[in-house]
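Read off the chains here:
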Amino acid sequence: MVSKIAWAKWLAIIFFLIPMLLILVFPFIVMVSTSFKTLQEVGQIPPTFIPREPTLQNYGSVQKLLSSFGQRFDGVVPLSKCCVLFDIQCRHLFV
Amino acid sequence: MAVSTQVAALPKVETWRQSFARLLLADFENKTAYLLLLPSIASFLALVIFPLATTIEGAFSLTDAVGRITQFGTLKNFADLLQDSYIAAIVRQTFLYAFGTVALTVVVSFPLALILNQKFFGAPVARAVLLLPWAAPLAISAMTWRWIFHDQLGALNYLLHVSGITQRDIVWLGDANLAFAAVMFVEVWSSVPFMTITFLAGLQSLPPHIFDAAKMDGASPWNELWDMTIPQMKKIFMIVTLLSVIWAFRSFTVIWTMTQGNPFYRTDISVTYLYKLAFKNLDFGQGFALAFATFLLLCIFSIIYARILRSEEM
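Order-wise, the sequence lines are chains A and B. If you count by this note's numbering, then the first sequence holds residues 1 to 95, one letter each, in order. If you count by this note's numbering, then the second sequence holds residues 96 to 409, one letter each, in order.
No incorrect hints appear here.
Some chain B residues close to chain A (C-beta under 10 Å, calculated; not the full set):
#1 Val224
#2 Ile235
#3 Ala237
#4 His256
#5 Pro316
Here are some of the chain B residues that sit facing chain A, going by a computed Cβ distance under 8 Å:
#6 Ser236
#7 Trp242
#8 Val287
Quick caveat, the hints were computed from the structure, so don't treat them as lab data. All residues carry an ideal CB built from backbone N, CA and C; glycine is no exception.
Please model the complete structure; the sequences and the hints are all you need to start from.
Below is the structure:
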């Protein structure tokens, strides 16, 4: 009986909890991976998950973010900047 | 009873002046409390009551193109709203969106909370990961989702291609039904953490000894779930569901960030549609009217919510 419950528990964890958690963190995986991509790679078809040429360029251009805040958040470049912005927020949150 | 005491204690009955003075004195003694409440009352008046009053006034007025009220006392806005060719679809979508997302969120969250309530290796990590969508500003995660749902650059289509489910580039946010499903999905995604944590808190507040007693009496885990856990969680269920319905009705960020109601108003709900009415069509009167109608609807839910919160039984 007890082992049956334990089995059910592990099945639930593997087939429900882990997929759900993956869906919950999925956008953050995309965000982090996009933030390390070059602009060319961001616009590449098909997309990549692990950046082929990881770059810290986006993190360096955060300074410019504030000046470009008036732009419409449309398209690719602001998105990667948003990712960077989010990353900074996260650091503020956790440090 | 009232009559007899009144007759017996007639000389001691205080006049309304005396009772007013007594109340005033009590207020005076509590004046520190009122002083401390003053900032919140002031901000409540300025930030809630004033816009609300303006909205109600505007709903019954004619307005010009910059939202100034030109003539008060008309029902034209509501009549126009009923004549609007999209309004029936908007109402249907609003209800589908609000109740659909909440139902889906409950269906996902309660099992998640049940699992997280167990002890297993990595449970603290799982609880921390669960809260991640909450740590991010909703507008940014919604933008990321829009990016994921992109037909050519998006990660979702890529995953579908790689796993061999389809080779087509599905235009998620271009097709009305798919876009609506996508928007609902993101809304569910964003509300799962709060609901799961609330359920988890509820589950952990259940007294453990009654479960031990039930086990002694030979209750199966299924019995425990259906006959003990869920009935005891009833109040939490109702509170969380109502709160989420209210939140879902006024949810603006996800839809506005992902689709802006496109294609053809098919992903609009009342809040985004009233924004369009007021700030795109510059028909502020109709916008006010729709806002007022939404407000009335939410009032009903709020009253039910307050009733449940106040009731001691259950």
